Amino acid sequence: DTAVSQTPKYLVTQMGNDKSIKCEQNLGHDTMYWYKQDSKKFLKIMFSYNNKELIINETVPNRFSPKSPDKAHLNLHINSLELGDSAVYFCASSASGGHTGELFFGEGSRLTVL
Amino acid sequence: AQSVSQHNHHVILSEAASLELGCNYSYGGTVNLFWYVQYPGQHLQLLLKYFSGDPLVKGIKGFEAEFIKSKFSFNLRKPSVQWSDTAEYFCAVSSTNAGKSTFGDGTTLTVKP
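Residue numbers (my numbering), protein chains in the order written: chain A, 1 to 114; chain B, 1 to 113.
There's no promise every hint is true.
Here are the simulated DSS-like pairs of lysine-lysine, each with C-alpha atoms no more than 25 Å apart in a straight line [what the hints assert, rightly or not]:
hint	chain 1	residue 1	chain 2	residue 2
1	A	K67	A	K9
2	A	K44	B	K49
3	B	K112	A	K41
4	A	K40	A	K71
5	A	K36	B	K49
Non-contacting residues of chain B with respect to chain A, defined by C-beta distances greater than 10 Å in every case (computed) [stated by the list, open to error]:
hint	residue
6	S3
7	V11
8	I12
9	A17
10	S18
11	S26
12	G29
13	K49
14	G59
15	S73
16	S80
17	Q82
18	T86
19	A92
20	T108
21	K112
If you're looking for bench data, these hints aren't it; they were derived computationally from the structure. Small disclaimer: the values here were computed from a predicted structure and weren't measured. All C-beta atoms, glycine included, are put in the ideal place defined by N, C-alpha and C.
Okay, chain A solo, but in the shape it has when bound (with noise of 0.2 Å):
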C-alpha cells in the first residue's frame, strides 16, 4: 500500500495549457503539502492544509490553485502553464498540524512544459 500517491507521475504539455495533479494519503494525516522541485534539487513549500483549511500559501502565483475536498486528498491544479513550471511536484502529508514535522512523501510527478 502506498502511503501518499500521486498522478500522474510524468506529465508533458504544452505553454499555456491546464493541467492537475491529483495527491491522496491513506495515513490519517490532518495535514497536507505540496513541494515544488527545480532543476537544481532545490525544494520549496508551496501551500499546506490542514483539515482542508489552507494554511499556507508560500508566495506562489495565483495560476496554482491547491484543493483539498478531504483531509486525505490534496490537488493541485495550475492555469496557463509557463516553462518556468517545469519541475516535480511532490505531496506529503505530516500528522498532529504539522506541528511535530516529520513529512512522508508521495513519489513525486514530474511537470515538463514545453
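Since chain A is already given, all that's left is putting chain B on it; use the hints.
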C-alpha cells in the same frame, strides 16, 4: 523566519570513506530537525530526526546526526559510505510556530565504487 544552510553542495567520496555533511539552521525557538534522503529518481525518505533528548540520534542505514544547540547545527555522519548511499541529502527544520518544514538546498553525495 527559519532557514537552513547546507555547506556542501556536492560531495564525492570513495567507498568506505567517512562522511560528514554540514547543516546549520537559523531560528530562535524550539525546533525539530530532520535529514531526508532522495535516491536517484525517487521521493524523499526520512533518514533520521531529532525532537528532544539525546542530541546524538541514529537513523537508518548506519547514519547518525548530532544536534549541537550552541552551534545551531545538525550534521549528518556515516563512518563508512557505500556506493548505494549515492543520493541527494536534505536537512530540514520545523517548528511549532511556523507549522511547516524548511529545507536546505541539498547536498549531492556521489560514492565511487
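Comparing the hints with the structure gives:
1. Note on A:K67 and A:K9: the hinted pairing holds, with a Cα-Cα distance of about 19 Å set against a maximum of 25 Å.
2. Taking the CA atoms of A:K44 and B:K49, the gap is near 20 Å; set against the 25 Å cutoff, the hint holds.
3. This hinted pair checks out: B:K112 and A:K41 have alpha carbons roughly 21 Å apart, not beyond 25 Å.
4. Restraint check for A:K40 and A:K71: the C-alpha separation of about 31 Å exceeds 25 Å, so the hint is violated.
5. Taking the CA atoms of A:K36 and B:K49, the gap is near 22 Å; set against the 25 Å cutoff, the hint holds.
6. In this structure B:S3 is separated from chain A by more than 10 Å, as the shortest Cβ-Cβ distance comes to about 12 Å.
7. Under the 10 Å C-beta cut-off, the non-interface status given to B:V11 relative to chain A holds; the minimum distance is some 14 Å.
8. At roughly 16 Å from the closest C-beta of chain A, the C-beta of B:I12 stays outside 10 Å, upholding its exclusion from the interface.
9. The beta carbon of B:A17 sits about 22 Å from the closest Cβ of chain A, which is more than 10 Å, so the claim that it is off the interface holds.
10. The Cβ of B:S18 lies farther than 10 Å from every Cβ of chain A, with a closest approach of about 24 Å, so its non-interface assignment holds.
11. Annotated as non-interface, B:S26 keeps its C-beta farther than 10 Å from every C-beta of chain A; the closest such distance is 16 Å.
12. Annotated as non-interface, B:G29 keeps its C-beta farther than 10 Å from every C-beta of chain A; the closest such distance is 12 Å.
13. At the 10 Å boundary, the C-beta of B:K49 falls inside the reach of chain A, the nearest C-beta of that chain being 6 Å off.
14. Residue-level check passed: B:G59 sits 12 Å from the nearest beta carbon of chain A, beyond 10 Å.
15. The Cβ of B:S73 lies farther than 10 Å from every Cβ of chain A, with a closest approach of about 18 Å, so its non-interface assignment holds.
16. Interface exclusion of B:S80 from chain A stands, the closest Cβ pair being 25 Å apart, more than 10 Å.
17. Chain A leaves B:Q82 outside its interface by the beta-carbon criterion, the shortest separation being 21 Å against a cut-off of 10 Å.
18. With a least CB separation of 14 Å from chain A, B:T86 remains clear of the 10 Å interface cut-off, as annotated.
19. Distance to chain A contradicts B:A92 as a non-interface residue, since its nearest Cβ pair spans about 7 Å, not more than 10 Å.
20. Against chain A, the non-interface label of B:T108 is violated: not every CB pair exceeds 10 Å, the least being about 7 Å.
21. The claim that B:K112 is not at the interface with chain A holds, since no C-beta of that chain comes within 10 Å of its own (minimum 20 Å).
The structure fails hints 4, 13, 19 and 20 (numbered hints given earlier, in ascending order).
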